[in-house]
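J.: What follows is the residue order along each chain.
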Amino acid sequence: MSNNSANILDIKNIEVRYDNVILALHDVSLKVTKGKVVALLGANGAGKSTTLKAVSTMLASERGKVTNGSIEYDGNSIDKQTPSQMVGLGMVQVLEGRRCFGHLTVEENIISGAYSRKLSKSDINQELEKIYTYFIRLKERRKSQAAFTSGGEQQMIAVARAMMAKPKMLLLDEPTMGLAPQLVAEIFNIVKELNQKEGVSILLAEQNTNIALKNSDYGYIIETGKVMLEGTAQSLLNDDKVKELYLGISKKGRKNFRDVLKEESLKKRSN
Amino acid sequence: MVEELLFFMEVLVGGLLAGTMYSLVALGFVLIFKASATFNFSQGAMVFFSVLAFCGFMQDFNIPFVLAFILAALLMVVVGLCTERLVLRPLMNASEDTVLMATIGLGYVLEGLAQAAWGVEVRRLDLGIGDFPVPWIADNLKLFISALDIFAGLVAAFMIIGLFLLFKYTKIGLGLRAVADDAGAASSIGIPLKHIMLLVWSAAGVVALVAGCMWGARAGVQFALVDLALKALPVLIIGGFSSIPGAIVGGLIIGATEKVLEVYIGPFFGGAIEGWAPYVLAIFFLLYRPEGLFGEKIIRRV
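Chains as they are written, first to last, in our numbering: chain G, -7 to 263; chain P, 30 to 331.
Note that these hints are calculated values from the structure, not bench results.
Don't take every hint at face value.
Stated by the list, open to error - Straight-line alpha carbon distances no greater than 30 Å define the calculated BS3-like cross-link-like pairs of lysine-lysine that follow:
1) G/Lys158 to P/Lys223
2) G/Lys110 to P/Lys63
3) G/Lys72 to P/Lys223
4) G/Lys158 to P/Lys200
5) G/Lys260 to G/Lys28
6) P/Lys197 to G/Lys110
7) G/Lys158 to P/Lys197
Unchecked claim - If you want the ones that stay clear, here's a sample from chain G, every Cβ over 12 Å from chain P, calculated:
8) Ala35
9) Glu64
10) Glu100
11) Gln118
12) Pro173
13) Ile179
14) Ile182
15) Lys184
16) Lys189
17) Glu190
18) Thr216
19) Lys218
Unchecked claim - Only some residues are given here: those of chain P computed to face chain G with a beta carbon under 10 Å:
20) Met121
21) Ala209
22) Ile218
Quick reminder that beta carbons are idealized off the backbone N, C-alpha and C, glycines included.
Looking at chain G on its own, in the form it has when it is part of the complex:
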C-alpha cells in the first residue's frame, strides 16, 4: 500500500461497542488514498454504517463508542472531534436513508449544507450554481418541498447538500438503497464526476457489490464486524469467492451462501 501521507483516512483495528455492551465492530482496518473511491461492502448488519459513523464521530449520538484502535483523518486523530468539527475539517457524511429536511425546499436543503462555512449571499449563489451543474435535475425542482421529491431526487439533494460544505472527503452510506437501476447508474455517475472534477475522496458503503466495485478503485468486504477481504476493485470483481458470494455468479451457475458453506466444509473434511 501507499505511504501515510497519501492516505486521507487511516483506520487501524477499531472496535466499536453500542451501550458499552453490544460489539458491532471487532477489528476493522482500512485506508482511503487521497482522491480515490473506496467501497465498503457487506450485507445488512455487517458493520458498514457503524464504520462510517465511527469516522464521522456520529456514533456518540447513538450511544456507540470506539473502544479500541485508532482513526486518523488527514494525519490527525479524530478522537476528540464532534460531528460539526469534522465537517469543518472537510469530512462530511451522507447518512443512510437520505434524511432530507422535508419541510424545506430543495434549494434551502442544499444551502443548509454551507452552514459551517462563512459565505456571503453571492458566494452561496455561486456555489449553488456550481452544484447545480452536477445535479441538473435538482435545479428544475429547486422550489419544491423536499419531502415531495422522488427517492432519487432526495438522494441527490443529500449529496448536493454535503457538497455545499466543500468536503475533502465524503462518506456515502448506501446511496442507491431502494432506487431503480437507471437512477442507481445516474447517482454513481454523479459520484464519479464529483470525485474526478472536485477531487473529493470517497468512502462508499454499499450492498450493491457489482456496481459499487465497478465505480471504485479499491474495496473492502466486511462481515460481522470484521474485514474479510480487501483488494483493488478489479481484483475483487475477478475473485471467485466474491463472485460466488456477493455477485451470485460462479462457473457452475448461480449459487447461494449455504451451498458455498457446504462445499467448504466438505473440502475441509476431505483434507
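Go by the hints and put chain P onto chain G.
T.: For chain P alone, coordinates are given in the frame of chain G:
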C-alpha cells in the same frame, strides 16, 4: 339592536385582543418545540421568573424601566445558556420524553429561584399604559376597549413579524428549521446543535419576558402566572405546536371564543366557563384535526 351589535363587537374585539396575550405565551412554546420537539413545561415558570426579575430590578434596585428590561432580557439569555449547558447538553442523546420531564424539573427550579431572590408577595407592574378603555375609541366608535389590550396586540404583531423574518430569511433561521426537521441530519452537515439550542432557549426567554410584562400589568406579578401560561396549551393544540402563525391564530380563536361564550352561553352554566371552554374546543381539534390549523403535517410520500 344597534346597541346589541355594538356590545357583541366589544366582546369580540376585547376577546381577540386578550387572545394576543395568549399568543405571546404560546410563541415561547413554539420556539422550543420547533427546535427540540419538546413541550417546554417550564415556559410558565420562565414567564414568572423573567417578569419578577424585571420588577425586582426596578423596584428593589431603582433601576430605570428600559435598563431593567434589558437586564431582565440578558438574565433570560443567561438562563438559556445555563439550561443548554446543564440540562440539554447532558441529555443530548436522551429520548424526547426524558427532555420533557427535565423541563418540568427546570420549571420548579426557576419558580423556586425567582421566589428566593425576589420574594413571594404580589407585585404591581406599571407599564405606563392603563388597563382601561381608550377614550377616543369609546367616544367615536362606542366600543370600550382597553389600551393595554391594544398595546399587547401591537407588541404581539411586532414579535411575530420579527420571528417570521428570522426564521425565513436568516442563516440561523435556516439552521433552526433544519434542526427541527431532522437534528441528526443537521449535525451531519455541520450545523452545531448546541448553538441552535442556546439561541432558541434565549429567544424563548425573551418572549417569556414580554408575555410576562403584559400579563403582569393586567393581573399583577404573582405565582398564578405560571398556571396562566398553561392556557397556551389549547392555543397550541388549535394553532399547531410547530407554527408561529398558528400560535397567533390559535390565541385569537381562544381569546374570542372564550369571551363570547362566557357572555352569551355562560349564564346557562352559571358563569365562569371561560376557564374550561378553551379546553373543550381543544378536544374537538384533537379529535378532528390533531396537527392543528397550521401545524406541519407529517409528509409521507406514497
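J.: Each of the hints needs a verdict: does it hold here or not?
T.: To see whether the hints hold, each was checked on the structure:
| no. | hint | verdict |
| --- | --- | --- |
| 1 | G/Lys158 to P/Lys223 | holds (22 Å) |
| 2 | G/Lys110 to P/Lys63 | holds (25 Å) |
| 3 | G/Lys72 to P/Lys223 | holds (17 Å) |
| 4 | G/Lys158 to P/Lys200 | holds (17 Å) |
| 5 | G/Lys260 to G/Lys28 | violated (38 Å) |
| 6 | P/Lys197 to G/Lys110 | holds (19 Å) |
| 7 | G/Lys158 to P/Lys197 | holds (24 Å) |
| 8 | Ala35 | holds (24 Å) |
| 9 | Glu64 | holds (20 Å) |
| 10 | Glu100 | violated (6 Å) |
| 11 | Gln118 | holds (16 Å) |
| 12 | Pro173 | holds (20 Å) |
| 13 | Ile179 | holds (18 Å) |
| 14 | Ile182 | holds (18 Å) |
| 15 | Lys184 | holds (22 Å) |
| 16 | Lys189 | holds (21 Å) |
| 17 | Glu190 | holds (17 Å) |
| 18 | Thr216 | holds (25 Å) |
| 19 | Lys218 | holds (26 Å) |
| 20 | Met121 | holds (7 Å) |
| 21 | Ala209 | holds (8 Å) |
| 22 | Ile218 | holds (5 Å) |
The structure does not agree with the numbered hints 5 and 10 stated previously, though it agrees with the rest.
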